[in-house]
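Asker: As given, the protein sequences belong to chains G and S, one line each in that order.
The letter at position 254 of the first sequence is residue 889 when you use my numbering, and the numbering goes up by one with no holes.
The letter at position 49 of the second sequence is residue 54 when you use my numbering, and the numbering goes up by one with no holes.
Keep in mind that the hints were calculated from the coordinates and are not lab data.
Accuracy of the hints is not assured; some may be wrong.
DSS-like mimics (lysine-lysine), calculated; alpha carbons at most 30 Å apart, straight line [unchecked claim]:
no., chain 1, residue 1, chain 2, residue 2
1, G, K881, G, K996
2, G, K874, G, K946
3, G, K879, G, K804
4, S, K47, G, K656
5, G, K998, G, K879
6, G, K946, G, K867
7, S, K47, G, K996
8, G, K656, G, K794
9, G, K661, S, K47
In this text the structure is predicted, and so the values were computed from the model without any measurement.
What follows is the residue order along each chain.
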Amino acid sequence: MSILIVDDSAGSRLLLSSILKAAGYKELVTAESAQGAFERLGLNGPATGPWDVNLILMDISMPDMDGIEACCRIKADARLQDIPIIMVTASTETEDLQLAFTAGAMDYINKPPNKVELLARVRSALELKHEMDRRKEVTQQLQESNLRLEEALASLDEKHRQLLEEQGKSERLLLNILPQPIAERLKQSEGVIADNFPDVTVLFADIVDFTKLSARVPPADVVAMLNDVFSKFDQLAEKHGLEKIKTIGDAYMVVGGLPTPRPDHAEAVADMALDMRGAVAGRLRATGSLLTVRIGINTGPVIAGVIGTKKFIYDLWGDTVNIASRMESLGAPAGIQVTAATYERLRDRYLFERRGTVQVKGKGEMVTYQLVGRK
Amino acid sequence: MENDNQPDDLQDAIDWAVLNGLREFQAEDEPDLVQELVGLFKREAPPQIEAIRAAITAGDAERLRKAAHSLKGSSANLGVRLVSALGADLEQKGRSGTVEGADALLAQLEREYARACRALDAGPRGPA
Chain G
636 MSILIVDDSA GSRLLLSSIL KAAGYKELVT AESAQGAFER LGLNGPATGP
686 WDVNLILMDI SMPDMDGIEA CCRIKADARL QDIPIIMVTA STETEDLQLA
736 FTAGAMDYIN KPPNKVELLA RVRSALELKH EMDRRKEVTQ QLQESNLRLE
786 EALASLDEKH RQLLEEQGKS ERLLLNILPQ PIAERLKQSE GVIADNFPDV
836 TVLFADIVDF TKLSARVPPA DVVAMLNDVF SKFDQLAEKH GLEKIKTIGD
886 AYMVVGGLPT PRPDHAEAVA DMALDMRGAV AGRLRATGSL LTVRIGINTG
936 PVIAGVIGTK KFIYDLWGDT VNIASRMESL GAPAGIQVTA ATYERLRDRY
986 LFERRGTVQV KGKGEMVTYQ LVGRK
Chain S
6 MENDNQPDDL QDAIDWAVLN GLREFQAEDE PDLVQELVGL FKREAPPQIE
56 AIRAAITAGD AERLRKAAHS LKGSSANLGV RLVSALGADL EQKGRSGTVE
106 GADALLAQLE REYARACRAL DAGPRGPA
């Protein structure tokens, strides 16, 4: 907190310094010319004196450069313009004072200096400077914290975006594994899901002579062939609004009427079966012989849900499922074998051939039908 | 005002109240402030007076104004009132754009400066 006194008269400098010192202002620097003041302030090149000059007392009348011009130069320097300047003058001419204020001086005092007046003006100038510095600092702090806030917000935005992206990814993965309503329920942390569906139609399909085939053909080729066929089945399941449950080796399992019940589940599955057969017709096995599927269908109640804690799968349980599987395994190559329950649902609109009875393990003899086509 | 029959008591040359008032600002471990200020005044005033003379000789009213202004200020600081008053008169002359009649004022100023110096040396008149 130093005060710079600029006066060409050593007597004036001594007098002003003495008054200020007696009033407790200890940090005083003096210059005997405008040029000397500029050097102190670092106006032309580096500062030689203390940087923190808080007030300048400037004699108006000096040889070489007078106080008015010196004041103008200091006020034109962005680093120095906040330093208040009090003009010291033996003049009482309004014109001189006018010039001083125009040059940017904040105040003036007369020679000989009146102690009370001098100290009052010095004090108020220093208070002003202090207030200006404080505001500058506050403004700077505000700007800095604003910047930090903006950075934090930007980084938060980015994290949020990443999170949404991750969420989207998991969502897509989840929906690939589970039907959407089931995924929603699991997300709302429902423990075990096991719902009763009194009336659905279950279809199993497998590839005829798959075991023999995989013994002769390289595994990679077998997998490629399965992928090809099952991808087609997936498309068909979607087209018919059916829920694919899973593949088990060379078997494909799909169901109609859940998780969202529909009255025409048997028809939709029958259409699916016919399309599946059509889709593989004409396809060649890797060995060159024709690819055939065997399909079994049954209609009845099932329990559907997700159980366990790992590798979630939406699966079906119940007799209806077991019998559908039997219909497939006991079926004829390229045939679509259905139970009487399914047949009853479809007989009016589809063509069937009665197959007679088959022996079903745990069930005894069952009457079954071959689905041939639509009426 | 001057009377050759009586010794000039010089007291009107200095406003002692101003000069002595400066003692208020004397710092404890510093040299005598008034003495120092007086010393500086005696050193600075002669070149200022010379500058006034040079300005008058050159007929330069602006230079006269500046030089007289400086002397006015430094003498006023110490209560050297008559010198300061004459400095003000000369400054005014310069301001009005002429050096005409400044000679006489300068002569008067030089006399008063000499008296002021003697008065400063002698110090204030003590109680009789």
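Asker: Each of the hints needs a verdict: does it hold here or not?
Answerer: For each hint, the structure was consulted:
Under the criterion of a C-alpha separation no larger than 30 Å, the hint pairing G:K881 with G:K996 is consistent with the structure, at around 23 Å. Taking the CA atoms of G:K874 and G:K946, the gap is near 27 Å; set against the 30 Å cutoff, the hint holds. Restraint check for G:K879 and G:K804: satisfied, since their Cα atoms lie roughly 21 Å apart, inside the 30 Å limit. Distance hint between S:K47 and G:K656 is fulfilled; the C-alpha atoms sit about 24 Å from each other, no more than 30 Å.
Only pairs whose Cα atoms come within 30 Å are accepted, and G:K998 paired with G:K879 is accepted, the gap being roughly 26 Å. Taking the CA atoms of G:K946 and G:K867, the gap is near 24 Å; set against the 30 Å cutoff, the hint holds. Between S:K47 and G:K996 the CA atoms are separated by roughly 136 Å; this puts the pair beyond 30 Å, and the hint is violated. This hinted pair does not check out: G:K656 and G:K794 have alpha carbons roughly 60 Å apart, beyond 30 Å.
Taking the CA atoms of G:K661 and S:K47, the gap is about 28 Å. The hint holds against a cut of 30 Å.
In this structure, the hints that do not hold are numbers 7 and 8, in rising order.
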